[in-house]
Amino acid sequence: MLTRVYIDNFGCFVNFEHKPARKQLVLGRNGCGKSSYMDTLLLLRQLVTKGDVLDDFSILSKRTRWLNQSRQTFEIEAELEEGRYCYRLVVDPWGEPARPRVVSETVHLNDQPIFEFQLATVHLYNDEYEQRAAYESDWHRSALATIMPRGELQKLSGFKRWLGGIYCFRINPFTMGARSEGEDLNPRVDLLNIASWYRHLLQADPKQNIALLNSLREVMDDFSYLKLDPAGENIRLLAAEFDRGEDANAVKFYLNQLSDGQRCLICLYTILHFVLAKGSTVIIDEPENFISLREIQPWLTAVADTVEGGKGQVLLISHHPEIINQWAPKNGVQFVRDRIGAVRVEPFRGDSDSCLPPAEFIARGWESE
Amino acid sequence: MSKASQVIVLGEDERHQQLVRRYLYRLSYRPHDIRFEALPSGRGCGEQWVRDVYADAVRAYRNRSSRAKTALIVAIDADTGEVERRLSQFRSSLDQANVAFRTEKEAVVHLIPKRNIETWILCLNGRIVDEITDYSRNTDVDELIAPAAATLFVWSRPDAGVPVECVPSLRMAFPELRRLE
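As you go down the protein sequences, you meet chains A and B in turn. The numbering used here numbers the first residue of the first sequence as 1 and each following residue consecutively. The numbering used here numbers the first residue of the second sequence as 370 and each following residue consecutively.
Keep in mind the hints are simulated off the structure, nothing from the lab. Where hints are given, some of them may not hold.
Unchecked claim - Label-pair ranges, simulated between beta-carbon atoms:
1) A/P230 to B/D511: 44 to 50 Å
2) B/S397 to A/Y225: 19 to 25 Å
3) B/D528 to A/W366: 31 to 37 Å
4) A/K311 to B/T508: 44 to 50 Å
5) A/A250 to B/S434: 52 to 58 Å
All figures in this text were calculated on a predicted structure; none of them were measured in a lab. We put the CB at the ideal spot given by N, CA and C, even for glycine.
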């Protein structure tokens, strides 16, 4: 699981350190960096898995405005089966006009190097921590991204696979359509490609689909099942079918014909059963959007059941009283920003004397006094 | 008897909620059937909060019970006092609010662990515990909640063989839980 994130000289993050728990709620006022935090993790995941050039991410323009510092540092630590991994990336401007370059990129396992990329040279170590290869690589992109999984690099490959499997979501039902032209292995942040991602999940893990359908039957009245209707060569349309009783025909709605809330419910339970229950780290920004009040707590409880059962890790970013009241007392951390300065993380501390519900405590602004 | 269409849980903290939730799953309740009241924001004021909202919770329970089968589970530690002290506090809360005390047939369940919920969780996991020692700082308690709930289900069945090591406050919970049936 993700155990530590360190960011320095990137947006509002200066010497910023966050140690996520297995189940955590991230709280904080508007503009305190909660969403930027998720975006930063997404950026790192993208860098390391896709190998795009750093210029594509406008990294230099995101240096902290009030710092006169060129270097930017990112660190990710994870506790996985093989031990404690630490990934570190240092970027600075180089050349004229300045372009971002990788000063160093390293992966350590239990404090021993398994990958080093410094001064444009890669040093690769095998699973016995013996140096196996040294070669030059383009310092305008992550060299870790170029490493292909192979036998003697299983530990490094395992970390890369894990990092690529951090899922970040900011669900936006407005962008979702029913049409799928093929299977998508990975979901987009806004789940625009839910139909194609679901098409892949259904093939990869049909057992989890049973759990998903059972959950959806509980949360959507008369829901029967999800189906992918053929609509041309390789084209499928994602539809939800609803029963109308024994004497009436079932009625079908394509995804785009469902309500925003119903689309979000399908997404949330898909994430629960196909991602979290499979042990992945999941970050969801405002999961409660479009969801009726009646449905928030049951989903939250199902998430807690999964995580408490030892599966997965979940970080929720939310302002919703329903989520705050359930998770903040024991699982809440708040991102705090003094005026327009840097962000820091503090545990949520409630008001032990007045016994106010946490959401009310926050609504009054007392958490930052 | 049929089960309640909704169970409202008034728990002192997250561990109380978890034990109750996992017990209810054993009775075939699903997340949708269970509603947890919001926890208070500060640590250590949960029992005060439960007593404060208890009368309103009983009143709301009765209102809904008149139209749908409902249950109310109240879980609060006895702490260093006796279980009876909590019951008399509940009684006076109801008196002040002009609400009648629960009847024999009402599905209002009082779970009052002594000394605290961790005592029950450890006891249900076969540990020898007493009701004086404070076990709340035991580090392994969270992982023991699920097996504790499974044992609670078994021990609370009619005619279940409950070991002699079972603490008295937990024994008092078994007839309480049968109010859900």
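Evaluated hints:
1. Between A/P230 and B/D511 the beta carbons are some 48 Å apart, a value that agrees with the proposed interval 44 to 50 Å.
2. At about 23 Å, the beta-carbon gap between B/S397 and A/Y225 stays in the expected band of 19 to 25 Å.
3. Between B/D528 and A/W366 the C-beta distance comes to about 52 Å, which lies outside the given range of 31 to 37 Å.
4. Distance hint check for A/K311 and B/T508: the Cβ-Cβ separation is about 21 Å, which falls outside the suggested range of 44 to 50 Å.
5. The hint said 52 to 58 Å for the Cβ distance between A/A250 and B/S434, and at roughly 35 Å that hint is violated.
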